[in-house]
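As they're listed, the protein sequences go chains P and G. FYI, full-length UniProt numbering numbers position 37 of the first sequence as 37, with every residue one higher than the one before it. FYI, full-length UniProt numbering numbers position 182 of the second sequence as 182, with every residue one higher than the one before it.
Calculated from the structure, these hints are not laboratory results. Please note that a few of the clues may not be correct.
Across the chosen pairs, the derived CB separations fall in these ranges [what the hints assert, rightly or not]:
| no. | chain 1 | residue 1 | chain 2 | residue 2 | range |
| --- | --- | --- | --- | --- | --- |
| 1 | P | 35 | G | 233 | 35 to 41 Å |
| 2 | G | 102 | P | 66 | 37 to 43 Å |
| 3 | G | 129 | P | 13 | 21 to 27 Å |
| 4 | P | 3 | G | 36 | 29 to 35 Å |
Even glycine gets a Cβ: it sits at the ideal position worked out from N, Cα and C.
Below are the chains, spelled out letter by letter.
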Amino acid sequence: MTTAITVPDDLWEGDGEGVITAWLVDDGAEVAQGDLVAEVMVEKAQYEIEAPVSGVLTIAKQEDEVVAKGTPIASLDA
Amino acid sequence: MAGPLDFSSMTLQHPTVEEGLVAEEALLDMVCQGEASLGWLAWSPRDRGLVMPRRHERLAGFPEARDRLVEQAWPIRFRSTGGTPVPQSPSVVNLALAVRCHVGGSAAHLEWGYHRLGDPWCDWLADLGVTSADLGPVPGAYCDGRFNVRIGGRKLVGTAQRWRRVRGCRDMALLVHGAMQVGDTPEALVAVVNAFQDAIDDPQRFQAASHVALRDVLPDLDLETAIPGLLKRLVTSKDVAPI
Chain P
1 MTTAITVPDD LWEGDGEGVI TAWLVDDGAE VAQGDLVAEV MVEKAQYEIE APVSGVLTIA
61 KQEDEVVAKG TPIASLDA
Chain G
1 MAGPLDFSSM TLQHPTVEEG LVAEEALLDM VCQGEASLGW LAWSPRDRGL VMPRRHERLA
61 GFPEARDRLV EQAWPIRFRS TGGTPVPQSP SVVNLALAVR CHVGGSAAHL EWGYHRLGDP
121 WCDWLADLGV TSADLGPVPG AYCDGRFNVR IGGRKLVGTA QRWRRVRGCR DMALLVHGAM
181 QVGDTPEALV AVVNAFQDAI DDPQRFQAAS HVALRDVLPD LDLETAIPGL LKRLVTSKDV
241 API
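Let's have the full structure, built from the sequences with the hints guiding it.
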């Protein structure tokens, strides 16, 4: 089963875009639910992104890529 | 305690830059661990450094820039909040507020966070007689954003945030931070950031005229006695009732 990791859509108002500032685990790594996997910056605010489930991480958006709210940035295969 | 610093003290503390940054992280951790729903810290470093998010380490030319800044006695340090390089020195006062927020409520987005810090800051300035303070962008300022505390359109306080999930639930913890230039000249601090820009071969340069120091508008203010008043405003704001 594959689960998407998305940029949260309820943490800031408006249509402002963010940028992925860091991946904290490598592509292909196995992560546990709740592990911190990435950071996204929007208007000088850093958001920590956690793994919603456990699984093997496949990164879809790279560091420094611009992302909108709700954008899938990676997936986890259980 | 966070190393040499007291959390939620009403006095201005004087750690090193590194100790202050570590303490801000610990303040956020405290809220994330559920140990408190509100915490704060006011500090002014006793040494100096150029502080930036760690992603700047990926810039081409960063190692050379780091060496050049060390030669100028402005060592580079990393912070956990967003933005771009900011000088820290005894001429800067930092206030950090960590707040637990319900996701989906009105207090769980970045705009609220900036107003939560910036509005009381403007009110504090108004009480001191500075009635032209507001929040907004400042073209030409380093680490510009939409929520600087401005005086007459010049940047006095730069603001930034970090958000982290509270352990074991959907609540979020917010660390919102403000760095206020209190002394020195805007030219002196802008020159440090521009030296970094030059060292990484970035053509963007910042303007001293876009910044203002608190001493320029309140030359007789005693910070050690004035900062507790700012902290009290931040802590007792009606929007920050612990959940």
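Hints and how they fare:
no., hint, verdict
1, P/35 x G/233: 35 to 41 Å, "38 Å, holds"
2, G/102 x P/66: 37 to 43 Å, "28 Å, violated"
3, G/129 x P/13: 21 to 27 Å, "33 Å, violated"
4, P/3 x G/36: 29 to 35 Å, "32 Å, holds"
In summary, the structure is inconsistent with hints 2 and 3 from the numbered list given earlier, while agreeing with the others.
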